[in-house]
Each structure stands twice: as structure tokens, then as C-alpha cells.
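Dock the two chains into a complex; use the hints.
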Amino acid sequence: MYQIIAYIIYLSISLITVLVVGKNLHRNGKEFLFAECPDENLSTSANNFLYIGYCLVNTGFAFYFLNSADSITTLSGIIEFIATSEGIIFLSLGFLHVLNVILAPRIISFFLSKKLNQY
Amino acid sequence: MNYNIIAYSIYIPTTIALSIWIAKSLHKNTKAFLVERFQNNESLASSTNNLIQTGFYLIAFGFSFMKMRIRNNAHYGSNDKLIYDQLISSQETIEELAMKLGSFTLILGLLLFFNFFIMLLIQRPKRQVQQVPFTINEPNK
Chain P
140 MYQIIAYIIY LSISLITVLV VGKNLHRNGK EFLFAECPDE NLSTSANNFL YIGYCLVNTG
200 FAFYFLNSAD SITTLSGIIE FIATSEGIIF LSLGFLHVLN VILAPRIISF FLSKKLNQY
Chain U
3 MNYNIIAYSI YIPTTIALSI WIAKSLHKNT KAFLVERFQN NESLASSTNN LIQTGFYLIA
63 FGFSFMKMRI RNNAHYGSND KLIYDQLISS QETIEELAMK LGSFTLILGL LLFFNFFIML
123 LIQRPKRQVQ QVPFTINEPN K
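In the order they appear, the protein sequences are chains P and U.
If you're matching positions, the first sequence starts at 140 in the numbering used here and goes up one per residue.
If you're matching positions, the second sequence starts at 3 in the numbering used here and goes up one per residue.
A few of these clues could be false.
Just so you have them, the derived chain P footprint on chain U, three or more residues with Cβ under 8 Å [said to hold, decoys possible]:
1. 5 to 17
2. 38 to 46
Okay, derived cross-link-like pairs now, DSSO-like style, lysine-lysine, Cα gap no bigger than 30 Å in a straight line [as the list claims (entries may be wrong)]:
3. U:K33 x P:K169
4. U:K69 x U:K83
5. U:K30 x P:K169
6. U:K26 x P:K162
7. U:K30 x U:K69
8. U:K33 x P:K162
9. P:K162 x U:K83
10. U:K26 x U:K69
11. P:K169 x U:K83
12. U:K30 x P:K162
Since the hints were derived computationally from the structure, they do not count as laboratory data.
Using N, Cα and C, we set each Cβ at its ideal position, and we do this for glycine too.
Bound conformation, chain U alone (with noise of 0.2 Å):
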């Protein structure tokens, strides 16, 4: 069980926790923007929310786990080879560990201001909802 292993195994779920939280609140309060945009369509709305959701899902994973790799840490080994990508002790560890979940934390925020972005881009939808008009019915005289 080396170093690289231990890393691995509290990075992954942690970011997998994280975003999972993240896109959950989102999900949450994305919905009234949508409903106000798409003038009360309530379908309408939380299928573009579940669209959105997705979206941001993929990126949010997709970044976390190619971002995951260790990298540039060459030692010299017993025998004085170098050995590179690997973490040797567990101060490295906890380093490697912090710089990891502080950028994936950063592209996090980053995602979530790109996210209103996206809400801004999606398009009204030109047909207009059918709605039953409000009338009074007078009395026939």
C-alpha cells in the first residue's frame, strides 16, 4: 500500500461528495429562475433544470478525475535511482492532497458562475404557453 493509493482513495470521494452536494443545491434553487424565465412552465422548467443538472454534473466529474494524476515529484530512491509520481511520505501527502482539493474546489466555484451563464444563454421559447384568458362571465340581460 503505497502513498499514491491512500491519496487516491480520499480524493475520489471527497470530490464525488462535493460535487454531488453542490449540484443538489443547485438543482434546488435553479428551479424558480427557470420557472420565472419560462413564463410558469412547470415541466418545461424541471426539464431544462434536469438538462442543466446533468451538464453540470459531467464537467464537474470530468475535471476532477483528469486533474487526479500525481505528477513532478522525483526522489531518489534506495539504490539512487529517481523515481517519479509517487509520494513517499505522508507530510507530501497531505500537501499533494490540499493543492488537489483547493483547485478542484476553485474550478467548482468557476462551474457554478458559468452555470448562471448557461441559464442566461438558454433561449425563451417563442411559442407562447396556451393559457385559459380570465374572463368574468356577465350576467345576459
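Just chain P, same shape as in the assembly (with noise of 0.2 Å):
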């Protein structure tokens, strides 16, 4: 019984996370992209690819992470579980949120830098 109370107060504060998170990195995502490419179309575009990548990764991640090595029989045992296996979805999520803000301009960049040189 402990066990499943765990596995459903875990998933569902990770999918909460993911779910507000990508919101408010969507909303702030857009001005971001559009500072480098001067197309409005082309960078909601890309915030929107950026944003349906970030939330399938995410949540795979969330569902593939639920397990348990020992049963959990306390209710110091569900708060461990709890904190733990949400700290790691935490880091992850927030090394992949640092990585997508320094890459994501240099590779829209990159692939704006041959048009670019026409005009």
C-alpha cells in the first residue's frame, strides 16, 4: 500500500514539474530564439520543437525512473523514495535546461549563418 502511494505522489509531482516548467521555459524560450533568427515563423517554430522535445524527454524519463530497489514499509521510507528519485529528475532536468540555453542559439545560429551572408 505504502508503495503505491509513493509511485503516485512521485509521478505526479514529476509530471507537474515537467508540465510547468516547459511552460514557463516556453513562454521565456521565445523572445531567446528570436533575438538570433530574424524570421518570427522560423524561431516560434523552433521554440515549439524545443518545447515538445523537452516534455516527451522528460516525461519518458519521469515514467522510466519509477522503481523502487527495496519495498517501502515506513513513512520515513516513502519520503526517501520520494526525494530521492525527485532530485534526480530535478538535476537532470536542469542540466538539460543549461545545455538547451547555451547550444540551442549556437546551432540556430550555425544553420542561419549561410543565409544570413547572402543579404
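Put into C-alpha cells, the structure is as follows:
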């Protein structure tokens, strides 16, 4: 019974986190990408692509890591399980996000550089 | 109510409050750097600032939760059985909490410098911001 409660709390927390953080990034990233490429349509669609990829990767990650090594029998076991696995999820989200912030403008400007040089 | 749950209920609010405080002060102070970097484009600077803050929150909470679990405290119980991962006295609770909170504060300090490093790695936009040229209307002769 404890196991099921722990799983339900873990899944709801991680999915809500993925969605809320993704919304936040989608809103703030629009301006960030628009600074790179002059075309509004292009930057909006790149932003949507990044959002969809982010949601897919992290939802998959959250479901994939849903297992506990030993059976949960106490309240402190629930807290430990949820905290440890949420920590792994948050850390991976954070590193992925930092990588995205650093690399996405570079990739876009790499693909656009040839096109911009023509003008 | 065992000592583990007391330790967790002190550890979680402390780390969350610490990381929110550091993130707030970073958010306030990073903006000037970003405005300088993005050639006085205020809205781009504030949205990039929000992105950096989100990353900071995620990594700080991730570290704090991942390192939370209490380990390696083996004791003999009442009927000579070994008990693992349990605190048995208030002294041990304080020692364990001090070690965990200290390591988390160290990680936060490293993360702050990591944040500066990220700010350097973020690319200046290639596209120049359209600025209205400052001209003086010369009187027609």
C-alpha cells in the first residue's frame, strides 16, 4: 500500500513539474530565440519544437525511473523514495535546460549563418 | 515519530528557503550584466534572466533532494539486530543535519560560480538590435 502511495505522489509531482517548467521555458524562450533569427515564424516553430522535445524526454525519463530497489514499509521510506527520485529528475531537468540555453542559439545561428551571409 | 522524520522536516524547509533566497538575489543582480551583454535590450535580458533562474532552481532542488537520504548509521537494536539508516539520538540528528546542510551550502556556492560561467557562455545575439540613429536636423538653407 505504501508503495502505491509513493508511486502516485512521485508521478504527480514529477509530471506537474515537467509541465510547469516547460510552460515557463516556452514563454521565456521565445524572446531568446527571436534574438537569433530574424524570421518570426522560424523562431516560433523552433521554440515549439524545443518545447515538445523537452516534454517528451522528461516525461519518458520520469516514467522510466519509476522503480524502487527495496520495498517501502514506513513513512520515512516514502519520504526517502520520493525525495531521492525527484532529486534525480530535477537534476537531469536542470542540466538539460542549461545545455539547451547554451547550445540552442548556437545551433540556430550555425544553420542561419549561410543564409544571412547572402544578404 | 522517529528522529529521521524530524531531521527531514528540518532539512527540506531549510534547503528550499536557502535556495529561494539565493535565486532571488541572483535574479536581482544578474540583470545588469545581461543588459550590458545584450546591448541594452531589456526584454531579452529579463527573459534570459528568467531562464537562468529556472535552471538554478532545478539544479539546487535536485541536489538538495538527491542528497537527503540518511545512510550508513548502523546500530544494535533492542534484540541485538543491526538497524541501518536510522538516527537514534538527538546528538546524532544534529550532527547529521549539520553535515547535510553544510554540504548543501557548499554546493550552492559552487552553483553560484557556475551561474557566472553560464552567463559567459551564452551567445551574444548576432542580429543587431534596431536602434534609431541619433541625428540632428540641420536647418535647410
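So which of those numbered hints doesn't the model satisfy? Of the numbered hints, 9 and 11 do not hold.
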